[in-house]
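S.K.: Sequence:
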Amino acid sequence: KPKEEDLLKRIDRLEKEIQELKGALKNMERAKGKRILQSEEEEGVIDEVCKKLQSLDGRLGNAKSCNDYILSTLKSIYNFIEQHVHSIC
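So in UniProt numbering, spot 64 of the sequence shown is number 64, and the numbers just go up one at a time.
Among the hints, erroneous ones may be present.
What the hints assert, rightly or not - With a Cα cut of at most 30 Å, we get these calculated DSSO-like pairs of lysine-lysine:
id, residue 1, residue 2
1, K75, K51
2, K51, K16
3, K75, K3
4, K9, K75
5, K22, K34
6, K22, K3
What the hints assert, rightly or not - Simulated DEER-style distance windows between Cβ atoms:
id, residue 1, residue 2, range
7, E82, M28, 17 to 27 Å
8, E29, E82, 14 to 24 Å
9, E4, E40, 28 to 38 Å
These are computed hints drawn from the structure, not numbers from a lab. Quick caveat: nothing in here was measured; it's all calculated off a predicted structure. Built from N, CA and C at the ideal position, the CB exists for glycine as well.
Make the full structure from the sequences, and use the hints.
M.R.: Laid out in structure tokens, this is it:
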């Protein structure tokens, strides 16, 4: 079973990776001189995922038996990414 600290570290890492992805997309846009993210909404998706991760991070610290809760939250985050990722990539 994963330890709570390990989960928190993984969530933090995921959050950082998503922020780096956003930065990389922005740099690519500047280099190519055109938008890759087609709309504000797509850009907001990345921020929304980070917000979800941060709130999960916060609740993880408080929750005692939260495995199901964590799994369902992570599933919703991944579904959210999957729904929008085809338009980003």
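S.K.: Now, for every hint given, state plainly whether the structure supports it.
M.R.: Comparing the hints with the structure gives:
no. : hint                     : result
1   : K75 with K51             : holds, 15 Å
2   : K51 with K16             : holds, 12 Å
3   : K75 with K3              : holds, 19 Å
4   : K9 with K75              : holds, 18 Å
5   : K22 with K34             : holds, 15 Å
6   : K22 with K3              : holds, 29 Å
7   : E82 with M28: 17 to 27 Å : holds, 21 Å
8   : E29 with E82: 14 to 24 Å : holds, 23 Å
9   : E4 with E40: 28 to 38 Å  : holds, 36 Å
Going through the hint list in order, the structure satisfies each hint without exception.
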